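> Kindly generate the complete structure, drawing on both the sequences and the hints.
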Amino acid sequence: MSALQDSVTRAPAVAAVPKGNIALGYLTSTMVVILLFAVPLFAKNFVIFQMTIWLIYAIAILALNILTGGSGQFSLGQSAFYALGAYTSAILMEHFGVNYVLTLPVAGALCFAFGFLFGLPALRLSGIYLALATFALATAMPQILKLGVFEHWTGGVQGLVVTKPDAPFGLPISQDVWLYYFTLVISIVIYVFAVNLLKSRTGRAMMAIRDNEIAASAMGVNVSLYKTLAFGISAGTTGVAGGLGAIAVQFVAPDGYTIQLAIALFLGMVVGGVGWLPGSLVGSAFIVFVPNLAEEVSKGLSGAVFGAILIVVIFLVPHGSRQVAYKIQDIVRKIRK
Amino acid sequence: MELFTNQVLAGIATGAIYACMALAVVMIYQAIDQLNFAQGEMAMFSTFLAWQMIQWGVPFWGAFALTLVISFAGGVMIERLLFKPLANAPILTHVAGFIALFAILNSVAGLTWDFTIKQFPSPFGSAPFLGSQLISTHQAGMIAVTLVLLLALYFFFQFTRIGLAMRAAAAQPESARLVGINTSWMVALGWGMASAIGAIAGMMIAPVVFLEPNMMGGVLIYGFAAAVLGGLSSPFGAVIGGFLVGIFENLAGTYIPGVGNELKLPIALALIITVLVVKPNGLFGRSVVKRV
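These protein sequence lines map, in sequence, to chains A and B. Number 89 in the numbering used here belongs to position 89 of the first sequence; there are no gaps in the numbering. Number 244 in the numbering used here belongs to position 244 of the second sequence; there are no gaps in the numbering.
Hints are not guaranteed to be accurate.
Okay, the calculated bits of chain A under chain B, using three or more residues with CB under 8 Å as the criterion [what the hints assert, rightly or not]:
1) 127-138
2) 266-274
3) 293-302
4) 308-314
Hint data in this document are derived by calculation from the structure and do not stem from the laboratory. Computed from a prediction, not measured in an experiment: that's the story for all the values here. Just so you know, even glycine gets a beta-carbon here, dropped at the ideal spot from N, CA and C.
Here is the structure:
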């Protein structure tokens, strides 16, 4: 209203997470990995399928975490990258007969390029304006996929059916179990990559931008490069998750990748804890399992139940599962003393 | 040329809807510095309340006034109960709170009034306005209401003590607190006003898009777009932005081949982003200087 220029002395949008605190310790990590590997020995096929979906969304949330928690940029457009990755995998498999394993790097690379290019105009925008721009991308994507021009490749509104891969080398396990292990291995690789990335020079540069863009550029950080790079890496990782999702669900259709997916991924990140990478697993569990739980409590009011659970969670732990983890860490330290 | 004028007129008519919504968006942005994703659902809920009262036999303007009062109180209550306790939480957590509010309101409205489409009466009737087939008296009335609202807001913020206090609380919370402004209540007041303005927008929009729990989905997106285009700090910009978005959308639908109803939205958004890339603070927004 007034033409006064005011200065921003408020805290940055994304709270700074100390560099040493973005991941779990080696011991805890190993335990989690062993647990995840052991699950199929006890669980039914449907549960294993759900866990595969859980891991896939965890990768997508991790990707958003690299972008928001790492470089401080906000995105509501992750569903677009997810869709692009899913369609790349599906089209390569169904139209070109490419092996499913090989479609994932292609999906990742394509999404990286697309995200990097999208990051360029996004450089001019920040905060709420960036949210709107990425939001536009997310709303446009399903419509673009439905366009008649691409119908031959994308199958239009009907989408594409993807064949589920069998376990290789004649392993005596079901398709679901194989897919679970396949997803698990890829998740671990991506997780290790993300942790190392954020601990590297690149990650430090991104976090410096997150904490204070002007100060970072004054210290010689190439702000444009690292911001677009964060977009590219995040999009590429989301693309891999999308490709995995297409293989696991065996189906891609434009309406599976609406803005609701982007919102769910965002919620997952908040519940997991922004900037704390293992939180992606917790956040993903929240968006995969809590809607089912809400549906069980009340069919008609499932939305309200979900909302109420979400409010309770953010009231108890406004910083997400990260807060819980730090608390436990403190307690463990005290006991050791 | 006639086609062009007609489309612009039709655009202005739909633009009035967006302008109304954008005004509510800017209002809350002024108070809390964030976009409220649940704004549309709050407006939808208020509109349902008004509809219910009309069903019970309350005359239109009586229901209108009552709805404004209830919405205002509801907005203040939401702030007090939900967002005040979260005042120290990170901004992204607030956004998650908005999404939760969205889910709750939508689901409760769906259960109470179910998802069938309902007619909402218009206080202005729906005859053609001044003999034009493109703008009905209702749409003309809606434009008038939007402009009156804008004027009222301008006077409120420019010439009343409390308006000044609200501006101060939004621009410089700490300094405002030092001169004795109760900033926490100013935020609650902002929520109440935004909720009431949203209710007006909802009651004006409902005769056009029909009443149902998901009626605001599309409108809110355009409302956001309009507010961002006009500059989030300027109510005047929001109204202009609303009309511009309406016109954009209609012209794109008419003149760009292959753009059906489905691609209108992405194209309108793409245009807005193009504008933002050139003018990052919107057409009428003020730029914020950052201190390191």
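> Enumerate the violated hints, using their earlier numbering and listing them in ascending order.
none
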